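Trainee: Sequence:
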Amino acid sequence: MDTGDGFSEEALEAGRVLFAGSVVFVKGVVDLKGLPTADRPEVCFAGRSNVGKSSLINALTNRAKLARSSAEPGRTREINYFDLGEGRMFLVDLPGFGYAKVSRTQAEGWMRLTRSYLRGRPSLRRVFLLVDSRRGLMDTDEDVMTMLDKSAVTYQIVLTKVDKMKKSEVDDLVEEISGKLKKRGAAHPIVRQTSSEKGWGIPELRAEIAGLE
1 MDTGDGFSEE
11 ALEAGRVLFA
21 GSVVFVKGVV
31 DLKGLPTADR
41 PEVCFAGRSN
51 VGKSSLINAL
61 TNRAKLARSS
71 AEPGRTREIN
81 YFDLGEGRMF
91 LVDLPGFGYA
101 KVSRTQAEGW
111 MRLTRSYLRG
121 RPSLRRVFLL
131 VDSRRGLMDT
141 DEDVMTMLDK
151 SAVTYQIVLT
161 KVDKMKKSEV
171 DDLVEEISGK
181 LKKRGAAHPI
191 VRQTSSEKGW
201 GIPELRAEIA
211 GLE
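Under our numbering, the residue at position 113 of the sequence shown is numbered 113, and the numbers go up by one with no gaps.
A portion of the hints provided could be inaccurate.
The calculated lysine-lysine pairs, modelled on DSS-like cross-linking and capped at a C-alpha distance of 27 Å, are [to be verified]:
1) K33 to K150
2) K164 to K150
3) K150 to K166
Quick list of simulated restraints, FRET-style, between CB atoms [said to hold, decoys possible]:
4) P41 to D149: 18 to 24 Å
5) K33 to E9: 41 to 47 Å
6) D143 to G120: 15 to 21 Å
7) K198 to D31: 36 to 42 Å
8) K27 to R115: 16 to 22 Å
9) G34 to K180: 32 to 38 Å
10) W200 to E175: 31 to 37 Å
11) T37 to K65: 25 to 31 Å
12) S151 to P36: 19 to 25 Å
13) G6 to G28: 31 to 37 Å
14) T37 to R119: 14 to 20 Å
15) K182 to D143: 31 to 37 Å
16) A152 to F25: 16 to 22 Å
17) T37 to L212: 26 to 32 Å
The set of hints was computed from the structure by calculation and includes no laboratory data.
Keep in mind that this is a model prediction, so the values were computed, not measured.
By construction, the Cβ of each residue, glycine as well, lies at the ideal position given by its N, Cα and C atoms.
When you get a sec, could you build the whole thing from the sequences and use the hints?
Mentor: In structure tokens:
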């Protein structure tokens, strides 16, 4: 039976089972030499600082503090690896971009690390690019999208905090973003809508990730 959002009951159950298993922090990586062996599929989450990335990862994994959020945006300075389902996948939390209260040299260093990771990771199945629904696509988001297009890395837009918006506003935003994605070679066409606080869209995103194994 299809749920109406493109996923069968079986796909939703596969997502639930994957994220109901163990989720363990593996390591924080500060240079490419520290990346774990690319021996399993991995998905990564990217987005501007303060987009709600930590909250979304915590909601997906049903852990309150798996991904640490900070009162000071931009504090995540490493590529954080998590083992999902006892070796089934890696879940990767990329450093937030924008807003970081650091030197230009440090910020450029993080971006170089992120770019190198995105371009050269053979086991990377998809980048989930998080966008705050209250702000829509910003120039920095589109810069990352352009980089991913050039690197031929598949990415998918995930709207966060949709509970803070009227449904009609979210629908208009999805339509606007979907139109832009048609012009981008590496973009997945479906825009996911989520609310970590309300749990909206979480089962569907779990199913999406489980389908990438």
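Trainee: Each hint needs a verdict: does it hold in this structure or not?
Mentor: Going through the hints against the structure:
no.	hint	in the structure
1	K33 to K150	holds, 23 Å
2	K164 to K150	violated, 33 Å
3	K150 to K166	violated, 34 Å
4	P41 to D149: 18 to 24 Å	holds, 21 Å
5	K33 to E9: 41 to 47 Å	holds, 44 Å
6	D143 to G120: 15 to 21 Å	holds, 19 Å
7	K198 to D31: 36 to 42 Å	holds, 38 Å
8	K27 to R115: 16 to 22 Å	holds, 20 Å
9	G34 to K180: 32 to 38 Å	holds, 35 Å
10	W200 to E175: 31 to 37 Å	violated, 18 Å
11	T37 to K65: 25 to 31 Å	holds, 27 Å
12	S151 to P36: 19 to 25 Å	holds, 20 Å
13	G6 to G28: 31 to 37 Å	holds, 34 Å
14	T37 to R119: 14 to 20 Å	holds, 18 Å
15	K182 to D143: 31 to 37 Å	violated, 19 Å
16	A152 to F25: 16 to 22 Å	violated, 30 Å
17	T37 to L212: 26 to 32 Å	violated, 19 Å
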